[in-house]
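Please model the complete structure; the sequences and the hints are all you need to start from.
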Amino acid sequence: MRDSPAVVAQAPEHHGPELLHHFARAEQQRDSAALGMWLFLATEIMFFGGMFCAYLIYRLWYFNEFAVGSRSLDIYMGTANTVVLICSSLTVAMGVRAAQLGKRRLLVVLLLLTILFGAAFLGVKAIEWHEKYEKHHIPGASFNVSDLMRENPQMPIDQNHEQIYFSLYFAMTGLHALHMVVGIGIFVVLTWYAWRGRYTPEYHTPIELGGLYWHFVDVVWIYLFPLLYLIDRRR
Amino acid sequence: MTVHISSNKLNVTIWITLMCLTVITATVSFIDLGPFNTIVALAIATFKALLVVLFFMHVKYSSEKLTKVVILSSLFWLLLLLVLSLADYSTRGNVRIM
Amino acid sequence: MATAVLTGERENYLNKEYGISSWLLTTDHKRIALLYLMSVTLFFFVGGFFALLIRLELLTPAGDLLLADTYNKVFTMHGMVMVFFFLIPVVPAVLGNFLVPLMIGAKDLAFPRINLLSWYLYVIGGLIFIHCMMTGGVDTGWTFYTPFSTAFTNTKIVEAGLAVFVAGFSSILTGLNFIVTIHRMRAPGLTWSRLPLFIWAHYATALIMILGTPVVAVTILLVAVERVFHLGIFNPALGGDPLLFQHLFWFYSHPAVYIMILPSMGIVSEIIACFSRKRIFGYEFVAMSSIGIAVLGFLVWAHHMFVAGISLYSALVFSALSYLVAVPSAVKVFNWTATLYKGSISYTTPMIYALGFLGLFTMGGLTGLFLACLGIDVHVTDTYFVVAHFHYIMVGGVLMGYLGGVHFWWPKMTGRLYPEGWGRVSAVLVFTGFNLTFFPQFILGYAGMPRRYWQYPPEFQVLNVLSTAGSTVLAVGYVLPMIYFLWSLRYGKIADDNPWGAAGLEWKTSSPPTTFNFDQTPEVTWEAYNYDQIPAPAEVSFAR
Amino acid sequence: MDALYIFLVLLSALMCTLIFLTVIVFAIRYRRNRQPHAEPIHGSLVLEVTWSVIPLAIFLAVFVWGGVIYFQERTPPQNATEVYVVAKQWMWKLQHQEGPREINQLHVPTGRNVKLIMTSQDVIHSFYVPAFRLKQDVLPGRYTTLWFRATKPGTYHLFCAEYCGTMHSGMGGDIVVMEPTQYQAWVQTGGSFGSLAANGEAVFQQLGCPTCHRPEAQGRGPSLAGVYGSPVQLEDGRVVTADENYIRESILAPNAKIVSGFKPIMPVFQGLVSEEDLNALVAYIKSLNQPPSGPAVSTLAPGMQPQK
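Chains as they are written, first to last, in our numbering: chain A, 1 to 235; chain B, 1001 to 1098; chain C, 2001 to 2544; chain D, 3001 to 3308.
Below, computed lysine-lysine pairings styled on DSS-like, alpha-carbon distance capped at 25 Å:
{"hint": "1", "chain 1": "C", "residue 1": "K2493", "chain 2": "C", "residue 2": "K2508"}
{"hint": "2", "chain 1": "A", "residue 1": "K103", "chain 2": "B", "residue 2": "K1009"}
{"hint": "3", "chain 1": "C", "residue 1": "K2016", "chain 2": "C", "residue 2": "K2493"}
{"hint": "4", "chain 1": "C", "residue 1": "K2073", "chain 2": "D", "residue 2": "K3088"}
{"hint": "5", "chain 1": "D", "residue 1": "K3088", "chain 2": "C", "residue 2": "K2156"}
{"hint": "6", "chain 1": "D", "residue 1": "K3115", "chain 2": "D", "residue 2": "K3152"}
{"hint": "7", "chain 1": "A", "residue 1": "K125", "chain 2": "A", "residue 2": "K135"}
{"hint": "8", "chain 1": "D", "residue 1": "K3115", "chain 2": "D", "residue 2": "K3093"}
Simulated from the structure, these hints should not be mistaken for lab results.
In structure tokens:
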């Protein structure tokens, strides 16, 4: 029982347009699945929303620390990650189109490409986090930002307040990466089902819902990128 | 969902615009616009998000009004959380915000 | 609860299949409702046991029954079990799960498998919590304020947080299921203005579950991350702000109290309409006030923090908004009272519970006005006045409504009739025991006894002894229904399809209904509470 | 506050009896065997509007009344004598301006405005005096203030109202209100600690503050004479009023707000200064506002007028 609600209408045993017993018409089942998915995305918006509220309050309180912390992040990796995710959104969108047109092999290729991009994103993220690990910027016992203080003499920062920025940075990107891992898991299952030819132009709801989820995770990153990386890059 | 199928040409154009916007927002952040840096960054991010939601997620063509209601209401609730907690933080004793 | 041997030869959802796997792997919303009924009742008696421990401890001013730490853990466990594992899931998961599809003429909820997943998440969360309770418990109060919960206690906060996090997702998925079902699967002809008020109330509750629960989920996540990695997000020593935790916590926890009360309001609307044989007075206003409460409930959370150190102006803003949210509740109470006018009222057990709800909820609501008023709140917040207020709403409101609902739909759920005489005894016992327990606490609160006190000055003892006496009467009042409900499963009279002559689609199915509820989807052509077209039940054994 | 409370009690009692009576009368008058058939009544818009608008009007009146009381409680008068309160896990430490220090006890003369400047060393506590109808949470990491004016001599309960751990219920004490003459006698016998400001100046010297903060403001730090209560121009253009929280934050985390025209070179004192010394320092800096009664000669820093 995979508990991820992303793939909502499970495909029961037999093939063909799966009409679950309690739905009068297939169209009603598809609409319900879509509404269920959008409501789930609403809960995700509020889930990330709690963190954005903490980010907003602390950014207003400790702007210097946020600016210095944001400057210490590698902007090229951040931009690369955004590009990777947008490409993955493209392959997902084309994948949904392929499913709607019943092109099975194209669908499988596009889904694999999406998983590839997702993995690339996590890879870049891992590199960034490792770099942070080496520079002792991970909040906790071994946290010190004397190097950042030297790099930004004109911006006085407080060690503890800087830890707030980095704890929010790791919390938000960590939660986003976790959603990315779940997304890749879903897409692996979707690729397996697609490979077995289960999705037809009449029935491809799991692909659409998987696509919605993936696009949502991409939108969250579209906001995370400027809010975490581009706080104050001015010379 | 709707039966709408977006053509590949549309997908690719949206993709290109998103890529350009990413590069723009990254480069613009280096130019000193005073207080407008954040506003510009957020505006570009919102525009990109709109592109993804409307086109990639088929919200623009879906006849279903309910989907739009769900999106708008969840964004409104997020706004509630942010604005009302700001009501406390912005009016605290020594004003920390401009 | 082994499926009792039912003499009725008709096949229904209970005797369709037997065996453990038929229960643990069911996707039938009615069976899942009964699974919830069992697990929620278990948690109710766990929480109730802690409540009795607290009341016993407070018999004497000195702390002589429990150690200070144990007492702190007991009231925290009481709070957490009751809020997260009883009050939030009870009515939506038990009666809501059973009745929402029946009332709108659907065969099942929109996502039956996710419904079962909700129950599993609830049970897993519950087991984690029981393990945490058995191996040390938590001593921060159910609100687990920082920096105490993150830096100054080494009790099992992360484990309790995980339990609440998992159970929170059960609540989110139930809400999601309800909204999609009510939107997409109504019977033909069942327009929004013909929906029973029970459905309106659960729709509003589902809205809050969807939009509020994720915020507390993220807050618990941040507290757990802060404890594990010694961060400073909410810890002022490291630059964090403890008030930010309170803002995020109460953003969910105030709407959560509306998640608890709204479904019970739905039940009371059904019961009062049925036993005064009349349509609810001002149907549209009562329906809209449910939605109004759900929406306004999100604007008022900082009235829990008037003395916590928030700024003067935000206190004024939140106090004004808190008075706005009181209006829909007042409208509901007036409409229920007006429904009785020129009705044909019979005093069955559900009706006594509903009238009890009406009385106690009115007192609970009015004392809420004291707390929303800035001048008075400074004196009475964090005292027993607050404890009395929210117990009047939760025990007087939610629990009375829930018990009334279980009595009202018991024939439909099990096909059996409970003993009416004992039902009324338990209703009156609960009402008196409740008032005896919690009314003295108002006086204690105004006299200045703070809450969560292990020992208190001697001058408060008399009222505390009175309150403890009341709590024993209340305990008996709650055990009684448990006994005669189980008794009725074997020896209760067989109920026909509509023992109360009630309006509503659920009474058109057999009791207990078949697995797919309706043989063919019903066509609705009548208004919501058309009691003028339904004959009152013939035999008067129920009605005096 | 009691008048408002009694008004609300009466209002609620009226509403309760009104609703209970109507319910009971309807229940009896329209019981089943006297009224076998109910009259289908749908509802009336007029009634709905009246019982929405009238309660709202009453509620807003109560809100305004409560708001006014809250406003008066939360704005301490200018000339109040100050007492610094430090809440620690399960005890209250109080330091009077005149010098005496107390634990879990507060001696106060009648008829004088007393302003409590409170902070906590560990978790959130709450200073609650039921007799004065006052309560204010005490937060770690910042000051919260509470003021009152005792009128009737006597001993009143002091409780901690915010849950703070094992002995949360044991963290009480007494507020002893005395006639002014008795109070003076008590201050004399209260042990010679010297005034708080004097202690503050000792800490000021000991921590080496004067090396930068010279009275004539040509030192590397801004002059502190007359800074309390006056607006301070910051480096990034914001103007902040220098209340207790600002002074406290400038000591513990100086880089948070840099006064314009000065470099961020002040060392961080977080963890080096105890709460009591911090209170003493703040009292000393505030004492620099009055004309030079203390040894420190305070001259006007350029461009800043100390508010009288």
